[in-house]
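K.L.:
Residue numbers (the numbering used here), protein chains in the order written: chain A, 1 to 199; chain B, 1001 to 1225; chain C, 2001 to 2487.
Treat the hints as calculated values from the structure; they're not laboratory data. Predicted model only: the values in this text are computed from it and were never measured.
Calculated pairs, DSSO-like style, for lysine-lysine (alpha carbon to alpha carbon, straight line, at most 30 angstroms):
(1) C:K2274 to B:K1149
(2) A:K194 to C:K2392
(3) B:K1149 to C:K2333
(4) B:K1118 to A:K10
(5) C:K2192 to C:K2025
(6) A:K143 to B:K1220
(7) C:K2010 to C:K2083
(8) C:K2037 to A:K195
(9) C:K2010 to A:K5
(10) A:K194 to B:K1138
(11) B:K1138 to C:K2274
(12) C:K2010 to A:K191
Residues from chain B shown here face chain C by an in silico Cβ test under 7 angstroms; the list is partial:
(13) V1107
(14) S1108
(15) R1132
(16) A1147
(17) I1150
(18) L1175
(19) A1177
(20) L1180
(21) G1188
(22) E1189
(23) T1191
(24) S1192
(25) L1193
Ideal Cβ placement from N, Cα and C applies to all residues, glycine included.
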Amino acid sequence: MSSNKENVKKSRNLVSAGVFIALYFVVFVIVGTICMPIPPLYLCMLPLIALFASPVYQMLITKAPMHGPIFIAAMLPCLFLLMMGNIWIVVLTGIIAGVFAEIIAGMGEFKSASSNMISYFVFSLNLLGGFLPIWVMREEYFKSTLDRGMSQDFVDKLRAITPGWVLIAIIVATVICGFIGIQIGNKMFAKHFKKAGIA
Amino acid sequence: MKNGIRFDPRTKFILLLGVNMLLLLSRSLFLELALFLFCIFILLVDKRYKNAVIYLIAFLLMLFIDRFLSGCFTGFYFTIINFIVYALRRFMPCLILGKWILDTTAVSDFVATMWKIKLPLTVIIPLSVVFRYFPTIKEEWESIRAAMKIRGISFSVEHVFVPLIFSAVNVSEELSAAALCRGLDAPGEHTSLVEIKMSYIDYLFLALFVSITIAAFILKGMGII
Amino acid sequence: MIEIKNVNFKYSGSDIGSLNDINLKIAPGECVLFCGKSGCGKSSIIRLFNGMIPNFHEGELGGSVSCNGEELINMPLYKIARKFGTVFQNPRTQFYTVNTTSEIAFGLENMGVAREEILRRVAETAKELEIEYLMDRSIFELSGGEKQIIAFASVYAMNPDVYLLDEPSANLDFTAIEKVRKILKLLKEKGKTIIIAEHRIYYLRDILDRALYLEDGRIIREYSVSNLDKMSYEEHEKTGIRMLELSEMNYTGGHKRNNEGECFLTYFSGFYGKKKYLEIAHARFETGKIYAVIGNNGAGKSTFLSAFSGVMKKTEGFVLENNDVLGRRKRLKNGYIVMQEVNHQLFMDSVLDEITTGKRDIDDGALSNLLSELDLAGLEERHPMTLSGGQKQRVIIASARYSNKRYLFFDEPTSGLDFYHMIKVSELLKSISNDDVYIFVVTHDYEFILSCCDAVVHIENGGLKEQYELDVVGLNRIQEFFLINKK
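Bound-form chain A, shown alone:
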């Protein structure tokens, strides 16, 4: 009988997980469509998603405290970017972020606020691989333009606006925005979801 209820509970959690993964994906798509076409904003995509997706992530962990959903949530936008013509490395960073976010959240049995928060930071870096093409392509592009006798001057200019430390800045900004996001999420939980008895 208990295994019966276990089974039902598992299916139920997985359905909830699907619903919240879908919501997370929508946050990604909305932030993405706003940011993608504008180059400076493009680099802010990860921090912005981290800022807004936190209540959804927290709800995902609350409603589906188990291994699996976090990984899928991390992977889904990466697979989408792959479809949209991004390089395969984005899938790799998605896997890494997903696995580690799962492990960290699992260490607190998906209930500890602090390990959930850290797992969210790691989780939020899932799309980092999507930004690598700028640097991969950059080097390739430089070579191809230099081959055809372009001046070194332009190459240097382009190099100057896409320095390597931008990548580090993205990571730091994502963690900071993730932290702020979690605070907003906590407030929302206390004010609404806990009060209404659904969390």
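Fit chains B and C to the supplied structure of chain A, relying on the hints for placement.
P.N.:
Chains B and C only, in chain A's frame:
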């Protein structure tokens, strides 16, 4: 989709990933062209002529900008634009395949494939619900937006997420109840209405892709590309 | 033979039992109705049969539920699913796939039925339920009624012996209800057992064998069809059971009120994008009247609401009141829609904030009047999402009244309500209509229209088909619309 040839979703995904990885092997135009034409060939076989023509024109246009216009124009902004055009062009094969997969793979095909390759339930259930829930989010959002207008509620993170999350919780409860009452938790064999099967066309294109890959590696080894 | 013996059930976290001393037997092929006011326990009975209690909704359960001698209580859900098929109330939330054909196949796939057999059963289901035209379509483009039919089909394909229906008509219009009636007739002819929890019962007339009436989780009465037929109006009001024969419903609306406001629509049209979805050449409305907005599915009733209230972005033509042109902004400021999906309209963390929309300068006198008028006193600090459906609806009405909205639009306010609560809503609307406000109610609820509406706005094909007062002639017209034969 109806009159084209049905590829197995597994083939589609392998090709997407394969083309994507092979693309970074070399920046030679020769390899790029080979992969691009491979993708166009797939579209033609699938009778997506209109798309194929559009991609072909776009590709030629971007190639033209990179190879010829860059000789005429110089300047910082052009360099940036050219950089973006260059990156877009390089990844066009992936984009073509990605769009093709999205256009030709129905959700039910996708779900049946997940069963076929025996993914765990932990993956199948959430992913099938994801596709089921997307359109619902749109409906809910329109309804919530109308309610905000009517009530004069300002736009804020809280006012957007609170009703959305409440309704998501609600839907997931009712949805899982309805699915469980139709045997969602049944152990044992699961069958599918949609048949997922590799056909000669799948093997043909996989073989073609493998040949391109081998050729690319040989040419790379010889230092030609 | 299905048998419940000495069942008691209490949801975990609840202090009072939801089912108390339930004993009953249902013979194969019987159609049994469970009725009673909201919260009486009829849904819990359905959940007991399909195993949702105790597997999904946990709590303390005692007693036994058996089917042909086999105990159901410890049976896994997927095994119960082979014998008992359930159709739920909400068409929007009970489909699991995105495609109608996949949806019908869903249960069979879970049972591991061979592909050829699934194909055969799906085709057979489509043919027998006459829904071939719905096959292989996106479920999202179907109307609520069509979705509900697909829900039936999905269960039908699994071919269970017993059909459990939990308020299947609550969100349907009357044409969809006619289709449900047809399906139920077919099931009855096939000798299936039908167990149904429902408020609206007129469509069950030829199918029903008996009705069990619940109060506070106890079965306190049994009705035969002729008993139900003979119920007086007072009994309906007391028990909450709706009319078995709609033509028995008496008209109790049409009270004269001394209001003088009037407004006009002239060459009024509404657009989604570039496409025109609504066009009304001329219409006149008065304050103090309750207008029933009727029409078939997709006729443009919701468009009428959203264009008139100002939610719709693009409208042309004029809305005039006392020689003032009400532009979109003004309409939005004065208008208020009480939606069918009340959950989407609640944003705040307490009932008080919800009503005052967080405004600082609270008019205490007006507020406490409003709270007691709407039966919300004592709930001020509760989170709106913890309230019952009816309370949520009243909170939204309260917030409209508090902000002095003058154009009130209601979208199906009585769907899924028993007779008692439906009368409550109509009394509430009547009392609101004493003030200087315009009230429009989109509804498919004939009993409700007769209990309080004064006039009818009939929308058809995106236009105003006719508009009439509910006098003797008007009552005939509305009966014609609902296909009711006057006795």
